[in-house]
Amino acid sequence: MTITTPRAPRTEAASARATSAPPRGSSRRADTRYALTVLCFLVPSAVPMLAFTVYPMFGAMWASLHEWNLISPMTWVGIDNYVHLIQDRDTQDAFAHTFYYIGGYLPLVYVGGLALAIALNTRLKGRNLLRGIYFLPVVTSWIAVALVWRWLLNPSSGIVNQVLAQIGIEGPGWYTDPAWAMPSIILASAWKDLGFVMIILLAGLQAIPQDLYEAATVDGAGWWRRLFSVTLPMLTPSTFFVIVISLINGFQVFDQVYAMTGGGPAGASQVVVQQVYDLTFRYGAAGEASALSWMLFVLVLAVTVIQIRGQKRWVNYA
Amino acid sequence: MRNSPKLIALNIVAVLGALVMFFPFLWTVITSISPGASLSSTPSLIPENPSFSAYTELFANTPFARIVLNSLGLAVATTVVQLVTSSLAAYAFSRLPFRGRGVLFGLYLATMMIPIQVLIVPLFVQMKNLGLVDTYLGVLLPSVASAFGVFLLRQAMNSVPRELDEAATIDGAGHFRIFGGIMLPLIGPALATLTVFSFMSSWNSFLWPLIILRSAELKTLPLALAGLQGQYTTQWDVMMAGSVISILPMVALYLFAQKYVVQSVASSGIK
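Chains A and B, in that order, give the protein sequences.
Take 0 as the starting number for the first sequence in numbering that gives the first Met the number 0 and just add one per residue.
Take 0 as the starting number for the second sequence in numbering that gives the first Met the number 0 and just add one per residue.
Only chain B is shown next, with the shape it has when bound in the complex (with noise of 0.2 Å):
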């Protein structure tokens, strides 16, 4: 499909695409740091007296610095302990055969099908049962297992040689040490992919800290913009510079793992 007018035409599409694609994130720092930027006047595309005074009005006149910090302690805390759950029970999905291992893998991967939605009554009775609504713990119990987690480790232990566990089991090692000091270093790409993913549904989730959080100082960034929307009504300047403060981080993180990211993206629809 070489040189075809059809494939220039939509290489054109594809670039013209493109920049109407990435315009909305321009368009939200441009407007960030036009001051007034309001309903009354549209900011022009070269800011005439830029400035960050959006920016510090947010983080004087609300608890944005804690909330950024709420957010970031909660994505971090959920990466971590999803980190170590998914890659002990994928352990033990791909090394250690136990009755039932087959049935119970299959349960795991039926609750990626379960929407939190089904679950946010029964859930928040249980927080509330438990004292833990208005907690950060509240916020994190239901995300400490993640099916799709161990899944994706799970795949990537099978494909590590079972020559080298059975090597080390020679040598005299037991199941921790393979699983510490062998697969844990063969498997470091899946093991990013995770990490991006589980803080990138961290940073984004919306529905259930909603439903748990209630002080304001507790909040996170997600809560805090669409709380914005009350308190700054027409203010778009002060409502995009808190965009950008929670779009910029993952499209950091992004860039930093965009190899795993789109590799993980791409090889799930093959299979």
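Chain A extracted, bound-state conformation (with noise of 0.2 Å):
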């Protein structure tokens, strides 16, 4: 993702300012005019931007500091909270399970997804059809799909143990078992994503020139030779773009755990975003919870950063 800025040509108004002649009066109602011009496109965004996602930025970082229920005032308590949440054997475990969830799911869903891409990427019939079938889930919401999961792993009625029960296998508990609820959580999540994972792959696959195939056959390159070396090397901008999203949406998961586990059984599947809410609305320590969601907006940020940062070694732009 690389974003450019086209340079505008200048309009009348912005070349008359940047020259140094003095402003006479017409020019400068024109000025004027222009400054409420640009304003009025873009106060209506603007505005609730600034008002509900950067202050609310800094007031968490402020409330961060704080000792604070929501309810009586704050107490000013520094770095408390972030030196508590790092020795705190509930966070450690929360980030411990979130990177169990992203370790299992990545691999998933991009394995499945290019599997995938690869094999309706060629002329095979219906495949706008099965296509469609992949994307499907992307479309849906969480916590439509997290009951209708929870359905589908039920322990003692749910289809999926029966149909194991018939060839001789006893299911596991799934998400009621603290050794299975995060695989049922992986399982479901990766079940929704991978038609996401599939198109964006799909797209790269589709932009590979064809000619660095037939090149490859002529030099007698067999079909895993030519998947490992023209298909993939081929295919790393879209492997980076997937593994950027999935990272960020990962570390963030939240709607799925809090509807098919809560977090549970006995904590075995509680996440940090899950964390963040059960210490705001369940034990009434916003500040701590603002400084665990800080903690978790940074590491973002740092993995974000170090991925694009390490791009170069990795990612070949045509």
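Source of the hints: derived by calculation from the structure; they are not laboratory data.
Please note: incorrect hints may appear among the correct ones.
Just so you have them, the derived chain A footprint on chain B, three or more residues with Cβ under 8 Å [what the hints assert, rightly or not]: (1) 122-135; (2) 225-238; (3) 248-257.
If you want a taste of the chain B side facing chain A, the calculated C-beta under 8 Å gives, among others [claimed, not checked]: (4) L15; (5) M112; (6) L118; (7) I119; (8) I181; (9) V261.
Partial chain B-side listing against chain A, Cβ under 10 Å, derived [as the list claims (entries may be wrong)]: (10) N10; (11) V14; (12) A91; (13) S266.
None of the values given here were measured: they were computed from a predicted structure.
Every residue gets a Cβ at the ideal spot worked out from N, C-alpha and C, and that includes glycine.
The two chains are supplied separately, each in an independent frame; assemble them into the complex guided by the hints.
In structure tokens, the structure reads:
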């Protein structure tokens, strides 16, 4: 994602401002009118953006330095919230579970999405229909989908365990079993996001020039060789995008956890954002919750910046 | 890569995979029309006594009709507001040079990386101070501006030839005329994409409405669905009926606008 800002040709008003001639009455009036026009276009979006995104961002920073239960006045505690959170066992667990989620989810959607993209990048009949089906879960609500997955994975009468029983396997307790709660969430998340990853990789595949494959074939490269020497290197920009987006979203995982397990059983799937929510609205520790959300934001920012810095080493831009 | 046996194998996997991917939807619908689907009985693939009793139950004993309207109203309002604010700002970023424009646009892009979770505590306090807890305005306000929308529409406007607005300027048209008469009609596809994404994100949004809305009759679909789990712990037919009601409009909208959605997702990865 490189963002280019093409230089716009200067409008009359702008060039009038740029000339060093002392402003005469009429051109100053033109300047004012131009400024008003710009404001008319900008204010409806910029003011809410400042009021409800930028300002609360710093509000959270301020709150993170206080002890505060949302009701009584804030008490200044400096960086105590951060110190406490870093030493806190529950916070460490929440981060560990979040990493567990990302570690299971990302390889699954990437490899699955890649396989599908390669399979659908051919003249297969009904390709558009298949693509549509794979993309369908992307547009659905997490809460509805989580409910559906709780039903599919229901330990006693869910269809998955029923089918497993048919072939002689005793299915696990899925979201009711601490060891299986996170795998259940990962499975449902991969199902939901597979189509999104597939569409991005498919677009990347279609941008690879065919003559590269022809040249590789002439050189005697087999199918796997072409996959590793042509497809994957040429696909690195799309791969990079998928990884950046998936990590940003992965660190913020919440809806599916809230609706499938609520962080349970016994805190086995408690993730960072769920912890922010619980700290604020269950334990009345809004200061600590703000500190935790800032820690998460800085972590996401750092991971993203490191990826953007490091992309030169492995991403091939044509 | 033609006619390779591995490719044929991949194709078969893709078809089987699609069946597996689609099955949860099918199963949801089947369960919703199989009365008495519960912990003790798994419905069969072809329902024996199909009935809409779960839907009747939902609409008779919960304020579900009202809840669907709440979600619809909020989604329409969010979409309209975001279309207006985003297209106006996108025009400024595309056509109106001013000092600090690059910095301001960079700031917009940066906010796309801020998760709503970082904002919830101070936003909640802000809404409380404004007296907007448990109101639709409280749900709506934080999504009045959309950085994604501004970005998307600016890209579209940048690809509109500047000769068109120059010609209009010579004819005496001001910026508002150019915006409404030339720009908007020419970026139709991008507006359609934003419409789908805004509607979708509002219809599916959960965390913020969960925090702001308290009264049962104000709640939106995702909130009501999460609540069904407590009310109908083991009546899966009723819960699946609720899921169908939440999923169906999005599926319809998606089928209607598939081209725009897929195109915009696909192009986001290439840039």
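Consistency of the hints with the structure:
| no. | hint | result |
| --- | --- | --- |
| 1 | 122-135 | holds (count 4) |
| 2 | 225-238 | holds (count 5) |
| 3 | 248-257 | holds (count 6) |
| 4 | L15 | 11 Å, violated |
| 5 | M112 | 7 Å, holds |
| 6 | L118 | 4 Å, holds |
| 7 | I119 | 7 Å, holds |
| 8 | I181 | 15 Å, violated |
| 9 | V261 | 6 Å, holds |
| 10 | N10 | 5 Å, holds |
| 11 | V14 | 7 Å, holds |
| 12 | A91 | 4 Å, holds |
| 13 | S266 | 7 Å, holds |
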